[in-house]
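Enquirer: Read off the chains here:
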Amino acid sequence: MRDSANATLSLVYLARLREAFGTTSERVEAPPGVTTVGALRGWLAARGGAWATELAPGRAVRIAVNHDLADADTPVRPGDEVALFPPVTGG
Amino acid sequence: MPVRVQTEDFDVGRELAALRGADRSVGAVAAFVGTVRDVNAEASVAAMTLEHYPGMTEKALASIIDDAKSRWAIADALVIHRVGALRPADQIVLVGVTSAHRGDAFAACEFIIDYLKTRAPFWKKEETPDGARWVEARASDDDAAARWRVPSGPAE
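Respectively, the protein sequence lines represent chains A and B. Here the first sequence stands for residues 1 to 91, where the numbers follow our numbering. Here the second sequence stands for residues 1001 to 1156, where the numbers follow our numbering.
With the C-beta cut set under 8 Å, the calculated list includes, among others, these residues of chain A facing chain B:
(1) 14
(2) 88
(3) 89
In silico EDC-like links for lysine to aspartate or glutamate, alpha-carbon gap of 16 Å or less:
(4) B:1125 with B:1051
(5) B:1069 with B:1110
(6) B:1059 with A:81
(7) B:1059 with A:68
(8) B:1125 with B:1090
(9) B:1125 with B:1038
(10) B:1125 with A:19
(11) B:1125 with B:1136
Estimated spans, in silico, between C-beta atoms of each pair:
(12) B:1047 with A:27: 33 to 39 Å
(13) A:23 with B:1101: 49 to 55 Å
(14) A:81 with B:1091: 28 to 34 Å
Don't read these hints as lab results, they were simulated from the structure. Don't be surprised by glycine CBs; every beta carbon is placed ideally from N, CA and C.
Generate coordinates for the entire structure from the input sequences, incorporating the hints supplied.
Expert: Have a look at this one:
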């Protein structure tokens, strides 16, 4: 059940970021100002520690919203699944 | 099924035969097979593990194939990508494309693997003598994908 009154986001971490953060996923209540991918990244980086290191400006981080690659201006909305991961290395 | 993510190996001949099927308009089948090297970035690699993002992976690969179909006159395309534990010489990925003529098949095949390497959510972790390490993305892969941004194919 999802509480639509709160800006609840499902966050997913993959590969190196999953290991650095020590978790595969979490649900967060984003504060009112966090309405874009860029703002979300900044908010998470403010947790400090590995979050500050891995999400620092200039670090290569890819972010997908609902399974589509996003950029800093992409909106995030309640109920979205937002994944953070390093540049991909398949193939 | 044009996109598969699986732990099992694949038989290239059988997959390409199935892709071609009985389509008598097909005159060209192009394929790319990626395999595990035993050396990467000056370190020997004993094994690797491939991780992906279920849900997004399939969507990203299908989108890349749709993009290829909009750019070239291809009959069909297939991507199979393995995940899990792999060893040197193992097959990692198969891209297959069928078309009436080789030009479209070659170009679409190269486009699909170039875009896969920069857009599909897979990550490699290698076992080396110094321990396990995540493979770093290569700038040359970004350059390879960027070549396709401006359509430079035959007349539209």
